[in-house]
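For the record, the sequence lines run as chains A and B. If you count the first sequence from 1, position 135 lands on 134 in numbering that gives the first Met the number 0, and the numbers rise without skipping. If you count the second sequence from 1, position 12 lands on 11 in numbering that gives the first Met the number 0, and the numbers rise without skipping.
Just so you know, the hints here were simulated from the structure itself, not pulled from any lab data. Since the structure is predicted, the reported quantities are computational estimates derived from the model, not experimental observations. A virtual CB, placed ideally from N, CA and C, is assigned to each residue, including glycine. Some hints here could point you the wrong way.
Claimed, not checked - Listed below are the simulated DSSO-like cross-link pairs for lysine-lysine, each with C-alpha atoms no more than 27 Å apart in a straight line: (1) B:Lys117 - B:Lys89; (2) A:Lys65 - B:Lys96; (3) B:Lys117 - A:Lys278.
To be verified - Derived DEER-like restraints, expressed as beta-carbon distance ranges: (4) B:Ala38 - A:Pro86: 53 to 63 Å; (5) B:Lys89 - A:Arg142: 41 to 51 Å; (6) A:Lys145 - B:Lys82: 45 to 55 Å; (7) A:Pro86 - B:Gly43: 19 to 29 Å; (8) A:Lys115 - B:Lys82: 54 to 64 Å; (9) A:Pro120 - B:Ser41: 25 to 35 Å; (10) B:Ser39 - A:Ser273: 30 to 40 Å.
Okay, here's what each chain looks like letter by letter:
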Amino acid sequence: MLDNMDGDRRGFLKCMAWAGTGALFAFNGGIGSSIGLDAAIAAPRKTATTPFTFVQVSDSHIGFNKPPNADARATFREAIAKVKALPTRPDFIIHTGDVSQLSRPEEFDDAEQMLKEAGLPVFFVPGEHDMLDPDGGKAFLARFGKGSQGAGWYSFDHRGVHFVALVNVADLKPGGMGNLGAAQLKWLKDDLAGCPSSQPIVVFAHIPLWTVYADWGWGTDDAAEALKLLARFGSVTVLNGHIHQITQKVEGRIAFHTARSTAFPQPVAGTAASPGPLKVPPEQLHSMLGITDALFVRGHDRIALIDSTLAA
Amino acid sequence: MIRTFHMLSLLASILVTYTLLLTVVSDVARAAPVPAPAASVSIGNFTFKAQVLTVRLGTTVTWTNADDIPHTVTSTTGAFKSKVLDSGDKFSFTFAKPGQFGYFCSLHPHMTGTVIVKA
């Protein structure tokens, strides 16, 4: 069994070679190779038999039409084309929120239609731009959150990996940042209770679950509560959007990563008077938009994340 | 008897006329020289400007979003709430009670402001 896993590790390294045109990030959670192996062997046989990939797209802001991007629909279509052209067909797509610019029905319609082009299942979490209908997010949930709970949270298992979708853009508090809330944290506690510590966990939410920059609200006030619940797991990957640029951090066994937007870049934290669209020249725009391809290999406690731009 | 009634009705009509006249005069006096109080707050760079605004009772405050990103003006106590304001959109609220009114952007809650209404 261990030999098999070593074989997988070699395979994993081989897989890592196809870095594509984007930057390659292989997260090392600082975990010794022995940790989790016994537990992984003991884990139910629902673990993956083959490596698989999934793709993260984020912040499509369908409806955005100001500098530096007069047509966020066009760049989203390019991102979908890029997903379709990946050398390995992903199992599914996750969209980490701000699907729309203003939660208008036609914006949701267009996003849905364009995503259908990919021919893959899509899992969503809302961003704050998706909560702007008169009912505070119900329009988004009716379309993209069927079967979810509360403001849109849910979980599912895929090839032995436990995926958790969290919502941190509902019921935001004055002066605060992102917020998960007591009800969701209680649900998360119950949800994770059924998972062995050896099971790899992928958490995705719109606003970063660690504080990237408090002055701009780039963080989640009660994220520490969620991270406490995740601390016992051998491999946790947290995927976020919201800030329209790649940032990453490893803390213990938890690897954090934010994706590029498919609509417009934002300034690096603290380098401008405020967040908001970074007005780059047209020839630079495509190099600042992109998608993230996540590669999971059985028996490994890390996920390779490959960010590639629309320019490539 | 009839005479008394006539006198009374005459007095009453004079009173009514006076009252009407007074109302008209006072309305004119109120409306003409002093316009309805108004104030404005610009939203730019993810900030409400001014962050603390002091107005007198009855003032209509108008917020205008000058950012490229939508914002809202949402009272912390539920006293008022704008719809989402896209770039250039405006929202007005007339403060009919004195007090301190905190508000924030429900999309970007680190954006906060206060209107102080003085009687």
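Hints, verified against the model:
Only pairs whose Cα atoms come within 27 Å are accepted, and Lys117 (chain B) paired with Lys89 (chain B) is accepted, the gap being roughly 24 Å. Our distance criterion of 27 Å between C-alpha atoms is broken by Lys65 (chain A) and Lys96 (chain B), whose separation comes to about 39 Å. Between Lys117 (chain B) and Lys278 (chain A) the CA atoms are separated by roughly 42 Å; this puts the pair beyond 27 Å, and the hint is violated. Evaluation of the 53 to 63 Å hint for Ala38 (chain B) and Pro86 (chain A) yields a pass: the beta carbon distance comes to about 60 Å.
In this structure the hint that Lys89 (chain B) and Arg142 (chain A) lie 41 to 51 Å apart at CB is violated, the actual value being about 30 Å. Separation of Lys145 (chain A) from Lys82 (chain B) is about 26 Å and departs from the stated range, judged on CB atoms against 45 to 55 Å. The hinted range of 19 to 29 Å is not satisfied by Pro86 (chain A) and Gly43 (chain B), whose Cβ atoms lie roughly 45 Å apart. Between Lys115 (chain A) and Lys82 (chain B) the beta carbons are some 30 Å apart, a value that contradicts the proposed interval 54 to 64 Å.
The hinted window of 25 to 35 Å between Pro120 (chain A) and Ser41 (chain B) is violated, with their beta carbons roughly 44 Å apart. Roughly 20 Å separates the CB atoms of Ser39 (chain B) and Ser273 (chain A), a value that falls outside the hinted 30 to 40 Å.
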